[in-house]
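Residue numbers (the numbering used here), protein chains in the order written: chain A, 1 to 324; chain B, 1001 to 1339; chain C, 2001 to 2260.
FYI, nobody ran anything at the bench for these hints, they're computed from the structure.
Treat the hints with caution; some may be incorrect.
[Unchecked claim] Below, simulated DSS-like cross-link-like pairs (lysine-lysine); rule was C-alpha separation at most 25 Å, straight line:
1) K1263(B) - K203(A)
2) K1018(B) - K2087(C)
3) K203(A) - K1265(B)
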Amino acid sequence: MEQPLLEVRDLHVSYAVYQGLLKVIDGVEFSVARREKVGVIGESGCGKTTTMKSIMRILANNAVVEGGVITYKDRDLMKISSHDLTVLRRTSMSMIFQDPTAALNPVFKVGDQLQDVVRYSKLVGHNPTDKEVRSKAIELLKAAALPEPARILDSYPFQLSGGMRQRVCIALSLASAQDLLIADEPGTSLDVTIEDQIMRLLKGIVEEKGLSVILITHSIGTAKGFVTKMLVMYAGTIVEESPTEELFVNPLHPYTQLLLKAVPKLTGGGIPEGIGGRIPSYLSPPPGCRFVNRCPFAMTKCQSKPPFVHVGNGHKVACFLYGG
Amino acid sequence: MILQEDILQVSHLKKYFKTSRGLVRAVDDVSFGVALNETFGLVGESGSGKSTVGHIVVGIYSPTEGKITFSGRDISMGVGRRPKDLKKELQIVFQDPASSLNPRRTIRQILELPVRVHGLASGDGVGRRVYEIMDRIELPHEYADRYPGELGGGEKQAVAIGRALATDPSLVVLDEPTSALDVSIQAKIINMLLKFQKEYGLSYLFITHNLSLMRNVAQRVAIMYLGKVRELAETSEFFSNPLHPYTKMLLSAVPVITPEEEKMKPEKVVSTGEISGAIDIPPGCSFHPRCPFRMDICDKVDPPMIEYQEGHYVSCHLFPAGVPSASSGSGSKSSSKDK
Amino acid sequence: MVLFVVSMALLAPLVAPYPGHAEFFVDYNNSLAQPSLQHLFGTDQFGRDVLSRVIFGFRYSLMMAAVVLSLVVAPGVVLGLVAGYYKGSIIETIVMRLADIFLAVPPLILALSISSVLTPSVFNAMMAVSLMWWPWYTRLVYSISSSLRNEPFVQAAEIIGAKPSHIMFREMLPNALGPILTKMTLDAGWVILIGASLSFVGLGAQPPTPDLGTMVSDGAKFLPDQWWPSMFPAAAIVLVILGFNLLGDGIREMFAAEAV
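Let the hints inform the model, and build the full structure from the sequences given.
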């Protein structure tokens, strides 16, 4: 079996705040193979972005990584030098953020920002000429399906629409992403029809370049049309991992089931039930399964951490209902 | 499109904003009616003008042109000029609960306001009333002296709903009430809203971009694009037989999770292009730059609204036949708007 | 720090070793005595204990700050709320242009001119400074209230039917409280400095009033040999202003933390 591109093992991340320690990420484990598209779904506050930031090593100052190993291309990201990390960020992995307006510096022209990234990427040689950099930048904008790339290079972010800004961000990440692309809710701030276009664009680019993708979203339908493997996160833990189709046909974890039920359906059928309760406080989370307070099937066993149970076909679930 | 008995009647409503970059035609000749006890849905993407319509109903804006009445009373004046008894009847729930509740006021103070303003209770009665409201929205009494920042998104929105209902209104504008909430909380809030509608006989103007949600809450739906209504129909008809290319485009783009929904979707109209700014609105039919079915006439003449079938209206040159619909009053006065 | 100063001011008569020296007192025998155990800060040219006068000086400084601020804050804030609430109307224009006019004149200059025309006194100095000061509050509050004007929670209050006075004082004002308090503490420092400056040039407090500025000015004649009549009051001024600045920082942080 080929070595996975990215492997996260037993990750524990907390945030130090005034009231104490927010134990957010509690033993997250997953892997991403080459050319694999993985989706992470979960609701706000479940830790998806924190996990990704841990991988990209862009956590906030008050974040405390208490444990875990993140292996990327056979190197431990927790331990490599900051120089090596910079090289990786410039030439191998990249991230697209939720809000394209915030991701672009409003006082610099798009061209300046893009050319900066290109200059340090793998796409041009050492000491490229300005002309080389500019033409590469235009190429990237074209790849992101932007019309009139030359004009865009000379524009400021505020002169572009939301969809165009997001495409610029995609172009930016294309410059440096040769292996892994992390997309954090790329369509959330966009209209549905524009999101549709962006996701189709991403799909095309990803297939063409053979990238691995981690797609974070709370829109389950968006993930379904894009990824081959799904991870369901709840309160800082992964509760279920499954190939995409399988998850919808056979959701196992009670949270997954409730979540899928809670989505309104285009076919009608009325408004579903929500999930009662709130996510647990990260200051004093439950010792065992973190969904225990809202789970209709909670047992006394659930006071201890449920291990992953493999039910075959690459489908595993962290729930005592299935053994463990 | 408007029936005599409709509690809210909107007729040829226009709202233009003058900005330094030009005239923004946010709402550009919109007509519809909302019946008693009905949930009327207004769907559209950003720039469609749907929120502006909602804002006009509650008086945040005054129309530039057009007629808008509630229970027969003219409500074209801004909220500052409305008589108190009218203010009581029309309320709104905003999209973002964090900014619709004053961060420096406690929940109690927020909920007391409508009670005091409309004299619904006095003295000790005010406090009791506040607890009554909190019971209705299923919020524990201990929350009364907390600040909005201490509550979760769903709880804040529940407070916003409680506040809107405190004046015992007849019509509530719901402007993307759950768009800022997680799916699991959304369900709870929507169920609450539907329950209240039945209990208190409310009419809702439900504004959202989420078609799957709209499918399950509204009795009739109108879709807006760049300030105009392009299609209006009863919900099941709207979703099973969409006519306008934009409606089809929007429906095609909805991310769904079950195969049944996938089958329901119309033949894929691939979404192309972007919505143009509301300042440089394309001539003719404003959708023509993105329309895969564009014809010669589409960039010259704006199509009239016609009644394709009973209760199903559409504004598109693909459907020129049919009697142009009446837009106000009762019956069907036909006035051809072709050329 | 501020608490220290405030308590000194309040307890002055009790704490000062020689309270009588704050008033008219002359003891030429003791004139310009060096700091010693009997007179920790030394004595001035009239033989008055500098320490006592400094302590009393605190009193006057604080009083001046309190009076000016109480005259200035209320009207300034109210005008700012009104201007912000009626944003886009003629009321806003009138209020803000009025504020602009008053802001255009540098406070110290105006204070100097007024003081020199009228009889120099602490009272007149305070009046002059007050006249110049209110527009700052109006501007500060206006920037907050006008940015809040179209926030959903203000619109919601209007739709509920709240009166303008409610919206201004109950919805907008609480959000402006943090910056207002911060500014007040920083302004206290400024007012004291201006008052001291006026007295320094002789237009504010008159002798024998132990105003810190007057003391610095009087003592300046004896620099650098007899440094204490001038330096101690000067240090006291610095201490007071620094104290208020730190207090202001603290308040600002406190409100910033809340706003999260």
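To see whether the hints hold, each was checked on the structure:
The straight-line distance between the Cα atoms of K1263(B) and K203(A) is roughly 22 Å, inside the 25 Å bound, and the hint therefore holds. At roughly 17 Å between alpha-carbon atoms, K1018(B) and K2087(C) fall within 25 Å of each other, so this suggested pair holds. In summary, the hint linking K203(A) to K1265(B) is supported, as the alpha carbons are separated by about 21 Å, within the 25 Å threshold.
Hint violations for this structure: none, all hints satisfied.
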